[in-house]
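K.L.:
One-letter residues, chain by chain:
Number of protein chains: 2
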Amino acid sequence: MKKQVFALLLSGVLSVSAQQPVDYVNPFIGTSNYGTTNPGAVCPQGLMSVTPFNVMGSESNKFDKDSQWWSAPYTSDNNYFTGFAHVNLSGVGCPELGGLLLMPTAGDLNVDYSQYGSAYTEEVAKPGYYGTKLTKYGIKAEATASMRTGLSRFTFPAGKGNILLNLGEGLTNETGATVRIVNDTEIEGSKLMGTFCYNPQAVFPVYFVMKVSKAPKQMGYWKKQRPMKGVEAEWDGYSGKYKLYTKYNRDMSGDDVGVWFTYDNEANEVIEVKMGVSFVSIENARLNMNTEQPDFNFDKVSTAAREQWNSDLSRVLVEGGSKDEKTIFYTALYHMLIHPNILQDVNGEYPMMESLKTGKTSGNRYTVFSLWDTYRNVSQLMTLLFPERQVEIIRTMVDMYKESGWLPKWELFGRETLTMEGDPSIPYIVDAWMRGIRDFDVETAYQAMRKGATTPGEFNLMRPDANDYFTKGYVPLREKFDNSVSHALEYYIADWNLSKFAQSLGKKEDAKLFYDRSMGYKHYYSKEYGTLRPILPDGSFYSPFDPLQGANFEPSPGFHEGNSWNYTFYVPHDIAGLTKLMGGKKKFVDKLQMVFDKKYYDMANEPDIAYPYLFSNFKGEEWRTQKTVRGLLRDYYHNAPNGLPGNDDTGTMSAWAVFAMMGFYPACPGDVNYTLTSPLFDKVTIKLNPDYYKKGELVIGTNRTHAEEIYIQEVKAGNKKLNGYFISHDELVNAGSIEYKLKATNK
Amino acid sequence: MKKQVFALLLSGVLSVSAQQPVDYVNPFIGTSNYGTTNPGAVCPQGLMSVTPFNVMGSESNKFDKDSQWWSAPYTSDNNYFTGFAHVNLSGVGCPELGGLLLMPTAGDLNVDYSQYGSAYTEEVAKPGYYGTKLTKYGIKAEATASMRTGLSRFTFPAGKGNILLNLGEGLTNETGATVRIVNDTEIEGSKLMGTFCYNPQAVFPVYFVMKVSKAPKQMGYWKKQRPMKGVEAEWDGYSGKYKLYTKYNRDMSGDDVGVWFTYDNEANEVIEVKMGVSFVSIENARLNMNTEQPDFNFDKVSTAAREQWNSDLSRVLVEGGSKDEKTIFYTALYHMLIHPNILQDVNGEYPMMESLKTGKTSGNRYTVFSLWDTYRNVSQLMTLLFPERQVEIIRTMVDMYKESGWLPKWELFGRETLTMEGDPSIPYIVDAWMRGIRDFDVETAYQAMRKGATTPGEFNLMRPDANDYFTKGYVPLREKFDNSVSHALEYYIADWNLSKFAQSLGKKEDAKLFYDRSMGYKHYYSKEYGTLRPILPDGSFYSPFDPLQGANFEPSPGFHEGNSWNYTFYVPHDIAGLTKLMGGKKKFVDKLQMVFDKKYYDMANEPDIAYPYLFSNFKGEEWRTQKTVRGLLRDYYHNAPNGLPGNDDTGTMSAWAVFAMMGFYPACPGDVNYTLTSPLFDKVTIKLNPDYYKKGELVIGTNRTHAEEIYIQEVKAGNKKLNGYFISHDELVNAGSIEYKLKATNK
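If you're matching them up, the sequences are chains A and B in order.
Mapping to the UniProt record's numbering: the first sequence position 34 is 34, numbers consecutive.
Mapping to the UniProt record's numbering: the second sequence position 635 is 635, numbers consecutive.
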């Protein structure tokens with residue numbers, strides 16, 4: 001009951017007439033500069049998203065998915081629209097999903113996307129809504145979404161009009177679809193997705209049912225025909241071309257197939273198209289569609305999506321700051337709430353992990369776990385703002401272990417893609433556990449983590465180089481670009497978390513074992529360079545060594561997507577030990593400051609994401625955190641398409657900004673202390689879920705009178721002055737209020 | 001009851017120890033010289049056939065389906081085997097079906113057919129059985145079939161063995177399939193077929209369920225991947241190649257997909273694979289499989305197929321003649337009984353004509369109607385030997401009209417392919433009606449025929465040039481190669497038949513109308529050339545005219561697959577009229593003899609197929625029929641792969657030989673008189689179905705003492721001496737015996 005009251009409380013916010021949180025969101029942020037977000041319609045944690053697709057079919061596009069590495073269905077830099085893509089990823093670094101391309105055209109039927117696409121204008125994107133005008137056709141194309149269904153609304157000019165569903169193209173590198181005409185307004189089928197980050201076995205089907213609001217004059221399939229040779233090519237006029245099937249209406253399968261509907265439209269005729277999806281079956285896709293959208297009502301669906309967003313976003317109310325800053329803040333929170341998304345159908349069914357079987361849940365089953373990213377700050381933000389969701393996310397992760405034998409690493413719609421490295425479920429879950437999220441199968445979770453931390457490498461999906469790690473305490477460089485140091489650093493933070501978990505479960509021996517392992521990072525410290533440095537199998541350091549090699553995502557021996565500078569300080573669980581290695585506080589601080597001054601710092605990736613907060617470990621140096629964070633916000637976060645530092649990484653870059661703008665950051669996963677920095681806003685009100693946090697609200701205030709007051713003079717939590725620049729999670733959620741006394745200089 | 005007794009009577013024959021009719025069949029006849037038959041396993045009128053496929057994948061093959069016009073799944077001229085094809089056409093001139101390619105291999109898994117194929121040896125083909133040894137692998141591969149299912153038996157050497165189902169390749173020019181792993185021994189799916197004779201809309205799906213007798217060590221899909229470009233191609237090692245899916249087991253769709261099973265075999269390990277198909281649904285395919293093959297029992301299935309064949313072939317018992325001649329005879333009868341084949345599933349369901357709907361029948365629903373061919377002699381042979389089947393064939397044709405609005409022309413699995421010309425259902429059905437097949441919806445059949453004979457051309461599927469035909473009495477040449485004369489000749493014979501049908505139904509006005517139209521052929525007679533000749537729209541003859549243009553299937557103005565000589569005598573319903581036009585008997589006979597003497601006659605196609613029998617219309621010239629027929633049999637029919645004159649045309653060439661060897665031929669469709677010629681065999685016993693022919697048996701005897709006695713001196717039917725060289729159908733079936741008195745010279 002309480003939960004419902006809380007949800008109602010928040011959803012009521014929208015009725016107030018003033019500017020609402022949802023009004024500040026700008027879905028175009030991150031659609032350039034490789035942010036890889038998109039402006040499509042989606043609900044919070046929604047399975048469905050409906051996104052304009054503009055990355056193929058024309059040289060007038062600056063970026064084309066087939067001519068380079070490209071991982072988003074849309075970019076603000078392009079101008080050639082080829083439809084609405086259904087089910088998409090937000091903020092990832094590999095091409096995936098972005099299929100079921102729904103396109104309206106006018107005039108004669110043409111099913112070749114390199115010809116039927118259009119330039120567009122008058123783009124509008126809001127949470128749960130996207131609209132544009134296709135200049136080639138004079139068609140207004142709008143989209144909205146519920147949790148598992150999409151709805152498109154096309155307003156046609158008078159004359160011939162067409163609706164095309166292209167099942168051949170999409171962002172995914174998988175191909176192959178099958179589709180069936182059910183009746184003159186409904187089709188159903190499936191399309192294969194996957195090969196995320198070129199993992200050839202991580203594939204899965206999306207099942208769909210699509211319904212048009214008006215029966216067409218005619219409908220049929222198309223398929224690109226296999227090129228023939230010689231006399232056969234002479235006889236078959238469709239050889240190598242798109243063939244329209246005008247009479248056939250049973251199953252149609254192939255690499256490049258689609259369905260067309262033709263109409264004779266009156267001026268401004270509106271045709272709506274709804275699409276239900278499921279990852280279990282066509283039947284479930286239909287059930288989802290009929291349950292969430294029993295009729296055609298665009299305004300109802302888009303209003304519901306908007307209200308859902310406003311309810312979620314209203315968990316944090318900010319005051320002060322510019323409109324752009326509020327936009328950046330709420331858009332970051334919006335982006336953070338897209339993944340993980342639910343996977344189960346309305347009847348609770350979902351594809352079990354790495355299995356042909358179908359599971360059933362009464363809660364939410366989540367998917368899209370980019371855990372190497374999200375364990376660093378998304379987990380912490382979910383725990384704070386959406387603990388009722390976080391517990392279901394963790395239950396999902398433990399269930400994945402039960403189903404497949406392993407916790408997830410980079411899970412995608414029931415498939416382990418094995419993208420990036422480490423054992424990231426451990427810090428993700430342990431951090432939440434330490435902060436009080438405990439209503440999951442703890443013993444199984446522990447077993448699952450222990451499996452990753454103790455299984456020999458040849459059988460260890462999480463830690464393929466576990467044997468070296470167990471015996472040597474580190475991972476030696478065995479191949480030129482094997483990311484060995486990056487691997488080991490992930491194992492250290494995971495084992496440190498696992499140690500804390502073991503400790504709190506009373507497993508003292510395990511606690512000691514894993515703690516000791518977490519300290520193995522010291523092997524990598526090179527006094528010569530003052531950085532971490534790869535170690536060869538014989539125990540000697542790798543030479544010739546250049547700690548700068550690996551910037552800008554270039555390959556680097558030992559380091560993944562970064563160089564030694566981006567990783568050297570990534571021992572958040574033992575900053576004291578690292579400081580000692582580096583020769584004391586001053587050397588540590590100077591070196592860290594140099595990383596920023598010399599632009600060795602990479603804001604676009606995760607390993608060094610918490611660096612700015614490390615200054616606060618040293619008395620008198622905390623102002624550097626406050627200054628640096630504010631500078632990074634200013635330099636990398638904008639109310640513009642290029643307003644993210646790089647791949648959003650399913651909300652990780654966004655979560656960084658949300659914490660930074662609220663004035664605190666979880667600098668070490670598994671450590672319940674937040675590092676303080678100065679809030680960007682004058683006042684931040686966090687609506688806490690009273691089921692988890694009985695105080696129910698946290699008001700963060702400042703005494704700021706001028707924008708340049710970015711330095712902390714003093715912080716009070718519930719009228720109690722804090723000693724130092726940390727606050728524990730418990731203190732924070734129970735404080736009721738936190739008051740920042742700020743100043744304009746670091747003196 | 002009677003029917004069952006009759007069937008039992010015939011099926012009992014096999015228990016007799018002597019050489020049985022089935023033992024004479026050589027399924028390799030017609031597998032070279034473009035006969036386009038195949039040596040696969042099939043039951044009489046069976047939906048399923050399982051045929052070795054050897055027309056792709058290697059340059060060691062003489063003929064390759066993708067490098068030329070090629071319409072058979074197998075040819076004796078090739079040597080590279082790539083699997084057993086399931087569901088095939090026999091004796092047709094366009095590539096179709098020949099998919100669901102099942103291949104056993106040994107050693108490491110390889111799914112590329114250009115590599116996994118094998119040479120072979122020790123081929124054995126018998127009705128319902130085919131076997132060979134794959135030399136590359138040492139695997140024995142055998143196949144058999146029931147009406148709707150196939151069964152393959154693979155005997156492996158010790159070690160790694162694989163079973164592959166290739167859904168990407170096949171004889172059909174359509175592509176696209178979907179398949180699903182049901183469990184570790186069963187898969188199900190569908191594959192698109194069609195585009196027969198390059199009709200782009202005549203497509204249909206085959207649904208299948210396949211089960212292996214032993215669970216594999218591992219199984220999975222493969223799919224040929226779309227070629228990628230640039231950096232994507234670098235990252236994806238499968239770009240443009242076959243990818244093995246090792247973990248995925250939900251729906252797999254695409255242009256070029258397949259399923260693999262791997263085994264560790266002991267020496268001589270036998271694995272059987274059964275396949276059920278349906279043209280309605282996967283469920284029906286499974287029902288067919290489970291009903292017709294509840295277990296795995298190769299010998300049981302192949303014995304049943306053999307008994308079914310022997311029962312059918314035993315309707316005619318021949319004595320005398322050489323072993324080769326018996327082989328030619330029974331193989332011809334065998335080939336004649338492959339199409340049309342049943343279409344309905346064991347529950348009676350079938351895809352309705354040109355429809356998404358499923359029909360249901362308690363009888364047999366037939367498909368594969370190559371009617372431009374079969375109305376000439378297959379209809380008559382079915383009426384005589386299998387009247388109980390013929391009535392269901394005609395019911396099927398009338399039902400097709402009810403379902404689609406048109407009688408069939410060249411129907412293929414529920415689709416009208418519109419191959420060849422004319423209105424061939426009319427003579428097919430009317431001929432049967434005239435011979436006493438009457439238990440069908442006669443009134444609807446008449447309406448259906450009348451529709452083709454009276455509907456304006458723009459709405460007339462059978463006669464697109466009906467308007468000219470109705471108003472002018474002929475079809476003028478409107479395009480260079482428009483086959484106009486061929487079209488009109490088909491309309492004449494159809495209308496003559498329709499006239500006779502109308503007459504017998506008491507529709508006198510119609511009878512006159514259609515009879516008059518049937519005489520329109522006279523327009524085409526050119527006194528100058530003494531042949532039929534195309535007419536231009538202004539009524540003048542086409543010039544420059546060469547009556548020899550069009551030989552060997554080269555294009556010819558006015559004539560389809562032939563020249564004027566091949567068509568000039570094709571007025572079987574008015575030989576008297578044609579004789580008059582030609583200037584009398586002598587001129588007619590001399591001219592016809594010249595056609596044979598100068599080799600203008602084309603034994604490989606249907607228009608002139610009855611020419612040899614026309615001599616018998618003239619007193620004193622009948623010996624020419626007897627001599628010519630015997631010469632053609634000798635020259636074109638052999639017990640060898642090249643033993644058919646050309647495309648068997650779903651049994652039409654074979655039916656020609658069956659009649660010729662028995663001693664009579666239906667030279668004019670719709671005319672119940674057979675033209676007599678001398679039987680090749682000394683004695684022919686025809687078991688007549690007593691439900692239709694109460695005499696129950698016809699014994700044809702000769703007094704031949706030497707093989708050169710090929711000329712008729714006298715014929716007695718039931719002790720009554722015949723006047724002339726014709727015998728009506730009624731006389732024949734009621735004669736009890738026909739006795740040929742033969743002589744060695746034509747004097």
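Fair warning: there could be bad hints in the mix.
Stated by the list, open to error - Pairs of lysine to aspartate or glutamate residues, derived as EDC-like cross-links and limited to a Cα-Cα distance of at most 20 Å, are as follows:
| hint | chain 1 | residue 1 | chain 2 | residue 2 |
| --- | --- | --- | --- | --- |
| 1 | A | Lys451 | A | Glu354 |
| 2 | A | Lys229 | B | Glu714 |
| 3 | A | Lys241 | B | Glu59 |
| 4 | B | Lys241 | A | Asp66 |
| 5 | A | Lys229 | B | Glu739 |
Unchecked claim - Here chain A is said to cover these stretches of chain B; the calculated rule only asks that three of the stretch's residues, wherever they fall, bring their Cβ under 8 Å from a Cβ of chain A:
| hint | stretch |
| --- | --- |
| 6 | 191-201 |
| 7 | 221-230 |
Simulated from the structure, these hints should not be mistaken for lab results.
All C-beta atoms, glycine included, are put in the ideal place defined by N, C-alpha and C.
K.L.:
Each hint needs a verdict: does it hold in this structure or not?
P.N.:
To see whether the hints hold, each was checked on the structure:
For the hint linking A:Lys451 to A:Glu354, the alpha-carbon distance of about 18 Å falls within 20 Å, and the restraint holds. The suggested pairing of A:Lys229 with B:Glu714 is violated, with an alpha-carbon distance near 58 Å, which exceeds 20 Å. Annotation: proposed proximity of A:Lys241 to B:Glu59 is violated, straight-line Cα distance about 27 Å (limit 20 Å). For the proposed pair B:Lys241 and A:Asp66, the alpha carbon gap of about 17 Å is at most 20 Å, so the pair holds.
In summary, the hint linking A:Lys229 to B:Glu739 is not supported, as the alpha carbons are separated by about 57 Å, beyond the 20 Å threshold. Closer than 8 Å: that is the beta-carbon criterion, and the stretch 191-201 of chain B has 7 residues meeting it against chain A, so the requirement of 3 holds. Under a criterion of three residues with beta carbons nearer than 8 Å to beta carbons of chain A, the stated coverage of the stretch 221-230 of chain B is upheld, 6 such residues being counted.
Violated hints, listed in ascending order, are 2, 3, 5; each of the other numbered hints is respected by the structure.
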